[in-house]
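Chemist: Letter by letter, the chains look like this.
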Amino acid sequence: MLTQDKLLDMYYRMVLIRAFEDRVHELFTQGKIPGFVHLYAGEEAVAVGVISHLRRGDYITSTHRGHGHCIAMGVDVKGMMAELYGKKTGTCRGKGGSMHIADFEVGMLGANGIVGAGGPLAVGAALAAKYKGGGGVVVCFAGDGAQNQGAVLESLNAAAIWKLPIVFVVEDNQYAISLRSLSSTKLQPRVSTARSVAERAVAFGIPSVTVDGMDVLAVYEAAKAAVERGRAGEGPSLLDCKTYRYYGHFEGDPMVYRSVEEIDEWRKKDPIKLFEEKLLKSGIATQAILSDLRRKAALEVDEAVKFAEGSPYPEPSEAYTDVFTDPYY
Amino acid sequence: MSGVREITFVEALNEALLQEMERDPTVIVMGEDVGVYGGIFGVTKGLLDRFGPDRVVDTPISETAFIGAGVGAAAAGLRPVVELMFVDFFGVCMDQIYNQAAKMRYMFGGKIKIPLTVRTTIGGGVSAAAQHSQVLYSIFAHVPGLKVIVPSTPYDAKGLLISAIRDDNPKMFFEHKLLYGVKGPVPKEPYTIPFGTADVKVEGSDVTVVAVAYMVHEAVKAANELKMNGISVEVIDPRTIVPFDKDAVFKSVKKTGRLVVVDEDYERCGFASWVAALVADECFAYLDAPIKRVTTPTVPIPFSPVLEKEILPNAEKIIKAVKEVVK
Numbered sequence: 001m002l003t004q005d006k007l008l009d010m011y012y013r014m015v016l017i018r019a020f021e022d023r024v025h026e027l028f029t030q031g032k033i034p035g036f037v038h039l040y041a042g043e044e045a046v047a048v049g050v051i052s053h054l055r056r057g058d059y060i061t062s063t064h065r066g067h068g069h070c071i072a073m074g075v076d077v078k079g080m081m082a083e084l085y086g087k088k089t090g091t092c093r094g095k096g097g098s099m100h101i102a103d104f105e106v107g108m109l110g111a112n113g114i115v116g117a118g119g120p121l122a123v124g125a126a127l128a129a130k131y132k133g134g135g136g137v138v139v140c141f142a143g144d145g146a147q148n149q150g151a152v153l154e155s156l157n158a159a160a161i162w163k164l165p166i167v168f169v170v171e172d173n174q175y176a177i178s179l180r181s182l183s184s185t186k187l188q189p190r191v192s193t194a195r196s197v198a199e200r201a202v203a204f205g206i207p208s209v210t211v212d213g214m215d216v217l218a219v220y221e222a223a224k225a226a227v228e229r230g231r232a233g234e235g236p237s238l239l240d241c242k243t244y245r246y247y248g249h250f251e252g253d254p255m256v257y258r259s260v261e262e263i264d265e266w267r268k269k270d271p272i273k274l275f276e277e278k279l280l281k282s283g284i285a286t287q288a289i290l291s292d293l294r295r296k297a298a299l300e301v302d303e304a305v306k307f308a309e310g311s312p313y314p315e316p317s318e319a320y321t322d323v324f325t326d327p328y329y
Numbered sequence: 001m002s003g004v005r006e007i008t009f010v011e012a013l014n015e016a017l018l019q020e021m022e023r024d025p026t027v028i029v030m031g032e033d034v035g036v037y038g039g040i041f042g043v044t045k046g047l048l049d050r051f052g053p054d055r056v057v058d059t060p061i062s063e064t065a066f067i068g069a070g071v072g073a074a075a076a077g078l079r080p081v082v083e084l085m086f087v088d089f090f091g092v093c094m095d096q097i098y099n100q101a102a103k104m105r106y107m108f109g110g111k112i113k114i115p116l117t118v119r120t121t122i123g124g125g126v127s128a129a130a131q132h133s134q135v136l137y138s139i140f141a142h143v144p145g146l147k148v149i150v151p152s153t154p155y156d157a158k159g160l161l162i163s164a165i166r167d168d169n170p171k172m173f174f175e176h177k178l179l180y181g182v183k184g185p186v187p188k189e190p191y192t193i194p195f196g197t198a199d200v201k202v203e204g205s206d207v208t209v210v211a212v213a214y215m216v217h218e219a220v221k222a223a224n225e226l227k228m229n230g231i232s233v234e235v236i237d238p239r240t241i242v243p244f245d246k247d248a249v250f251k252s253v254k255k256t257g258r259l260v261v262v263d264e265d266y267e268r269c270g271f272a273s274w275v276a277a278l279v280a281d282e283c284f285a286y287l288d289a290p291i292k293r294v295t296t297p298t299v300p301i302p303f304s305p306v307l308e309k310e311i312l313p314n315a316e317k318i319i320k321a322v323k324e325v326v327k
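As given, the protein sequences belong to chains C and S, one line each in that order.
Just so you know, our numbering puts the end of the first sequence at 329, numbered straight through with nothing missing.
Just so you know, our numbering puts the end of the second sequence at 327, numbered straight through with nothing missing.
Chain C with its partners taken away, still in its complex shape:
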């Protein structure tokens, strides 16, 4: 049974992700953030529902759409925002940017600019966890598009044969950039033959379940069984979470492949609104408590922007450091 504190903490993480992403969208539009940015808004229930089970010593591997995973793992939001600005005070001292935020201290092994590349990394982290003992688990987040990468398929196989403590979380946000994950159109083929990725997992002998990725409690329940299975040394699991990204594949995406109506339809199923309704209905929270948490999140993001804008850029000489542990490059 989830305690009130835990539920409100989950809610806070979700609204913090949303506030962060909405703000980044604005800042990018204003030209304040350079580079490539992929936003997680709409998918909050997946990151929070799964990561709420993790403890110190667990790891996650992430994707190009990694801000939500970072925030759910507890990566400092100020550092993240400064990183997006390319500032010296960023999580990665301005050397990584949106696609490469990592914080090993909290078990976040890195967002990743290469689709599917987190799979093998998760296999290795899980091998290490298994070797060290102690019941550590690794969560491998990857989108529906990534499921057609050889790296992911090889990783599913390796995790299964070695009975590794991995939870593969498929964030099926309906689109592999512009191609639909499961339905074809006159102009575009679908990207997968299986009806769902959950079905594919069966071929690897990996227990899998399809989950409503807009419902944080449904994700939480499904992840509970998967994480427990991993901690008990029983091997990997796969959660196929059906969700939706509100913004484009990247900021600046003209989104010619989908309609405004479609986005509006999904927004009606908004994961934060859905969770709010449940919290109110069950008496766990009042409107006042929830709006306080939303205000607190907005404030935290305000502070992060202030921090990022007030921070210095790295010295140009820093371009030459950190290639190796020694000064040579």
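Warning: the hint list may mix true and false statements.
[Claimed, not checked] In silico DSS-like links for lysine-lysine, alpha-carbon gap of 27 Å or less:
{"hint": "1", "chain 1": "S", "residue 1": "Lys111", "chain 2": "C", "residue 2": "Lys88"}
{"hint": "2", "chain 1": "C", "residue 1": "Lys88", "chain 2": "C", "residue 2": "Lys306"}
{"hint": "3", "chain 1": "S", "residue 1": "Lys111", "chain 2": "C", "residue 2": "Lys132"}
{"hint": "4", "chain 1": "S", "residue 1": "Lys113", "chain 2": "C", "residue 2": "Lys88"}
{"hint": "5", "chain 1": "S", "residue 1": "Lys251", "chain 2": "S", "residue 2": "Lys317"}
Since the hints were derived computationally from the structure, they do not count as laboratory data.
It should be emphasised that the depicted structure is a prediction, and the values quoted were computed from it without experimental measurement.
Position chain S against the provided structure of chain C, taking the given hints into account.
Modeler: This is chain S only, laid out in the frame that chain C set:
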């Protein structure tokens, strides 16, 4: 050092792995056929019996998964030594090497380390044809974030592999197929060789010859023959390409005024060209002749021994190049 005896290159590597695994429980070995089989060239022989399947992991033929697993395990606190059976197979797993392992420390602001060693075999001369004969170390030296190690003797193989395992960065460790059976003196106890320290194999005063891996042996052979013709050749083995001991090469060229670089990698945009450029930048005023490169022409490695011999560098070609620069 005590306990020096003659062992082969492959035995020296095996001993390095064994001793490091005994010293440090975070060292694990992974790769195709490294366990029961003992490695396709025998480098990991006996390790499975000694350390068990948790530390000597036989993997599926899934280079992306197991090289990437090496990266992930290194990120999570282990010190993996992963075998890529032939460097030619890098094409099926390069993302995990050059985009993941090599760049993580930098991308993540210098806060983490990836102590991963990828061991792989290189080199022609055994009619293994176009997909099993390349050296390709230039490709790995070309991208940032990988240390590139190219031993030429059993002594260097053991010391450099131990240094590699203890080093906190991603490393590519290249083992030339023609060297596995070569014997040489190797101390029994563990020892390290610092990266970036060249070894002067032959001292000389007329021409500097820089060579790595198996080509060191061809260069020494050439130097010995040239000596009989009254040409004094200095042979330098950098032993690591990244980091590279520029000073040793510059010092030698300033003395001899002539440079021949021997490199089994493809001629185009390769290691030899880079060394030539460094020397042209730094030692131009000391040069008495154009720099010569003895390399493999940029064609796929052919199968027929006649064709393969035609393209691979060897002592004869080195002698010819040296004679041209002393003319």
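Chemist: Within 27 Å, alpha carbon to alpha carbon, are Lys111 of chain S and Lys88 of chain C?
Modeler: Holds, because 13 Å separates the two Cα atoms, which is no more than 27 Å.
Chemist: Between Lys251 of chain S and Lys317 of chain S, is the straight-line Cα distance small enough, at 27 Å or below?
Modeler: 25 Å, holds
Chemist: Between Lys113 of chain S and Lys88 of chain C, does the CA-CA distance stay at or below 27 Å?
Modeler: 20 Å, holds
Chemist: Does the structure keep Lys88 of chain C and Lys306 of chain C at a Cα separation of 27 Å or less?
Modeler: 14 Å, holds
Chemist: Measure nothing beyond the straight line between the CA atoms of Lys111 of chain S and Lys132 of chain C; if it is 27 Å or shorter, mark the hint as holding.
Modeler: 22 Å, holds
The structure is consistent with each of the numbered hints, conforming to all of them.
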